[in-house]
Amino acid sequence: MSAPSPAAPAPSPVVVWLRDLIRKPFFWGIVAIVALLLLNVVKDPAYLAITVNPANGNLVGNLIDIMRSSAPVLMIAVGMSLVIATGGIDLSVGSVMAVAGAVSMEFLKYAGDSASIGVAFSALGLALLVSAAVGAFNGFLVAYVGLQPFISTLVMMLAGRGLAKVITSGQNTAASNEPFRWIANGYVLGLPVVFLLALVLVIAAGLVVRRSALGLMIEAIGINPRASRMAGIQPKGLLLTVYILSGLLAGVAGIFSVATVMTVDVTRTGSQMELDAILAVVIGGTSLAGGKFSVGGAAIGALLIATLDKTVLFLGVSSSATPAFKAIVIVVLCLLQSQRVRSWFTSRRASGGPGGGAGTRSAGDPPPSGGGGDGGADPGAHTVSSGDGAAASSPGGAGLASDVEAKEVAA
Amino acid sequence: MAEPAPVVEMRGISIEFPGVKALDEVGFRLFPGEVHALMGENGAGKSTLIKALTGVYPIDSGTILVEGEQRRFHGTADAQSAGISTVYQEVNLVTNLTIGENVMLGHEVRGPFGVNWRATHRAATEALARLHLDHLDTHRPLSTLSIAVQQLVAISRAMAIDAKVLILDEPTSSLDAAEVDRLFTVMRQLRDEGVAILFVSHFLDQVFEISDRLTVLRNGQFICERRKEELSRQELIAQMIGKDLETLSSLGGNRRAGETEGEREEPLLTAVGVGRRGAIEPTDLEIRPGEIVGFAGLLGSGRTELARLLYGADKADSGTITLRGRKTTLKNPADGLKRRIAFSTENRRDEGVVGDLTVRENLILAVQAGRGWARPVPKRERDEIVSTRMSELNVRPADPDRLIKNLSGGNQQKVLLGRWLATDPDLLILDEPTRGIDVGAKAEIQEAVAELAAQGVAVVFISSELEEVVRLSDRIVVLKDHRKIGEIVNGPEVTAQMIVDLIAAHGADTHHPSPPPPAQPAGNQPLSARSTSAPADPAVSETTEEQS
Amino acid sequence: MSAATTMPAPTAPDSVAATPVVTLLKRLQRLVTINPSTLPTAAAIVIFVGMIIFGEIAYGRIVQYSTLSNLLINNAHLIVIAVAMTFVILTGGIDLSVGSVIALSSVAGVMLANSGLPAVLVVVIMLAIGAAMGLFSGVLVRYFNVQPFIATLSMMFLGRGLASLLSTEPERLADDSPIRALGTQIKIIDGPKVNDLVVTPGVLIAVVVVLVAFFLLHRTRTGRTVYAIGGSENSAVLMGLPAPRTKLLVYVVSGTLSGVAAVIYTARLGIAQNITGSGWEMDAIAATVIGGTLLSGGFGYVLGSVIGALVLGLMNVLITRDGGIRPEMTTIITGGILLAFVLLQRVVIRKRE
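Protein sequences, first through last, are from chains D, E and F. Numbers in the working numbering are just positions in the first sequence, counted from 1, shifted up by 1486. Numbers in the working numbering are just positions in the second sequence, counted from 1, shifted up by 2. Numbers in the working numbering are just positions in the third sequence, counted from 1, shifted up by 88.
A few of these clues could be false.
[Said to hold, decoys possible] Here are a few chain D residues that sit away from chain F, every Cβ distance over 10 Å (derived from the structure):
(1) W1503
(2) A1535
(3) S1662
(4) K1812
[As the list claims (entries may be wrong)] With the C-beta cut set under 10 Å, the calculated list includes, among others, these residues of chain D facing chain F:
(5) N1526
(6) D1530
(7) L1534
(8) T1537
(9) P1540
(10) N1542
(11) G1543
(12) T1808
Calculated from the structure, these hints are not laboratory results. These numbers were taken from a predicted model, which means no experiment stands behind them. Idealized CB from N, CA, C, for every residue including glycine.
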């Protein structure tokens, strides 16, 4: 992690590329995917084999299965990475999946016409609209009301599932609509449509975020909300946008997962998917404290999770136990991100260069919840109020002191 | 003169934070039965020294002796049990609990059924009585008290724990004159009882009134330790800001003296009665295009607070701001940015740099913020901003893709300046742009500021180095105690010494300068002493001559 | 069973309830004027009383021994986890793992009991599992500076996963198991028909938990430190209080009490399953918040949380009685109430500033 040393005599482009790749935080995600696949190969040498189904020309194999099942996680991981980058969290993604599934299934069931593309599109549109509305509700509470992200999305996490149940009257609604089913089960160019769609959406999201200034601003408010505000960024609209995007992508994920079996299981669709999304984001190298994020990294993380799920299944472990493993992985990754563990590796003073920003991510920092002085209802932000008060008399000294202090208190 | 052994002695204390040497081999002695003032400007290391003594920060090197015994504390509780009590600058009490609990927290009287609240509140009342606060109902929540009274409660708490050493870090910044008097009475009483008191304040008059001995720190270094009688106000200020008296007097205003007389342009910004409760009293101000207006005053004088109101970093709660002839309200920084005002903060780390972003990203941040996220700055324009600003300001290393947190303070400051220049502002407010950076970078920033003004940009320049203010400014606004106390048109005859005198003299005839009562809207005093030229108070100049 | 049929007879129960209600209101008013931080808790009491009156008028048979006994019996576990949550939220933290810890603890407990382990040992192990999970969260928060909701969210999934690893089937506790004795109903007043005043040892345990928690929070230095941390952790540290240690402690308390709740719940139902307690974290948070504890910490009372838990329990009773509201709506209503109270808190905080 130290500053890059001046390069040795002209390394070849490949070496440079490899070195850059290894430095990427999600490199270890790729390594883990490969390792898991190898594990499967050890158990069954033919695991990676992909065959062509002679009947329809589609590709068949475990890898294809992994691709197909990774689609929902890919979607919510992308949304979650944006939310986490702002320093927030969206615990409602799993429930939004259930809501989107319930809305689309109910609609298809009542529409009846099992071949109409129009009906399929209407179901899609309606489900996405509802998902975006839930996201907007979260965003409104976080950005404009100033609630902590976890509490507003927690309410949505639990109430959303209730909403899904209300929509289907507690039933696991099934429906039939060919075009809709095709989303999850169809093939294009021999590959599953659902995976291609997910890929397109990931790339599109990546492009939107990086080609516009959305990504930069999200990172800025995640890294240093106060400095971002002083630079003239208005966080409210941004936060609202991000939560709407997260809701929308969770809706897509919900459609992907119900379209597979054309049934919404109101208790299990999207259940515990928020964990998967958080895990994917953390594997992708985004700090849970917010800041620098990578849509690509989150996608790698999502693929790793899909691979892990399949592997656990393949190795014959009860699938309901996988959350336990994932929780352990999250804990380990959190520990690796924590200041204390880092300082075990690099002593405080030996850290190369003046790392002036080291303290800006301390626990005392407020999440970017709509402007300056409303850290009051935030469990992590007690230092903020005193900092603000002191700012009136001596912003510089107090700020520096309280920042270092927050670090010390935490240690 | 036989001095008793010091109760606290700190030798060669060094503390380094990432990128900052907060304390560099600092020594400090505190004797029983004295009030010892610790003086220094922002960032001098006063708070750090206190926190080193009380074990809040671990020290990198050096020794701390308490009553001749080498000690190292691991936190406030530890220091408290050794008899060292601290009252911090920000009131460090918990407003959600009652007054009595705050006094006794951690020391509650316990009986067979847990805490005996009756006895605890009685003990709290006794502790409060020493500060004549026994009329307070200890069962009321602390939040019902004004900040000033809370501060007194904090002091009562510190004294409830039979302290040998009492550290008061800026205890008076929120007290009014009567409360300061009350506090000083108690301090004297404690001193006479043999308690050693370490007192930090930026109110010079208070320091000279109460303290017996002074230690001056500057930029994390020990400068001097003197008895009060051995040091004049002027000398003290000179020591704090790091210029000896000769230099201070000889430095004249060399910036376009008299040039502005000719064309009086329409003001770019006119502020009438702009103020914010607890921060800056209602203030009038005019700023013209192409003019550099210096804000001079010590830390806590209101210089930063006033500047923040002009940008919208804080919202003014009184007065009107007229910009280019039009009334305008600045509710948040985005408003300021939209109206082509730029504000480079004094608090570089918390409000300036976005550490984990690159230099490039930091440079374009404000321009981008002005356009919103959906309209990204085109790559060509971005590259141009980055290359012009980096070469113009000579940012080193010249690698725009480096994370800004890995740059030195001076170069971070240049990047921030570049960020604001890129927005092409009409009014540029620079709050301490040269603090804590090396001499070379300092000169480069000063040059850039002069250049900008020449191009017609209005600049507000704030610095605790008066010399710098005098050299750069066309006009100098002098502030003290949250109030504008004068305005000086710069010219060859204007010196830093004049400003020092003005600050030292103002309010010296009254016993205590009374800062504005922060939480009480009723008590807004009208603006006093508005002088447009430098008043050479004869009394002050006489004392200066005596001293030098 | 619609509301309209009972409309003609609103006066009778009203006049009966009037005098105690009025005196109660008067006492509350006095309390609130002395200490304004009790206001939200007082509001919760008013809401609870209001719901009882409304229920009595609209549906009848609320103010009677059997209904009130059942309210306590069926919500004893919720009261305990609401108390647990109060400790954590008072410090400004949160514990999302209570439901999962209950699942893990009860599944493990039932399986151990069925394998022939003595009941006392089983109960001790159930509590120990809770304490261990709490300790784990606490260490993450205290030493590694992990945000409380992330640390406890991990524990939430870990607990649920481990419970699933143990069993995914409903585990039935043998009917003769001594643990079930904790769920037996003891008649205190034998009323006419089935209108008896009944308690279970589980209810008594909950009462003891509440009393001990009250003592701990209001009569010990540790308890006051909990409040101080919630007021300002920074200040608490600078005041020389053992804030870091106390922060760790509240998570251990919360975990252990989740274990207690697991014992009470298992004893009453005799069944444990890996999905037991899902969503209870929100019930506990809602109970705490309704009871007047501020999510930002520092303000709140254990007794308020008890009232909050009873409000939620009563709400379930009323929903069942009404019959017109679908049971699926319950989580939405709970969520809505929680949200409403959280928003109310924000208004209160803004006002105070």
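**Prompt:** Taking each numbered hint in turn, which are not upheld by the structure, reported in ascending numerical order?
**Reply:** Per hint list: 4, 5, 6, 7, 8, 9, 10 and 11 violated.
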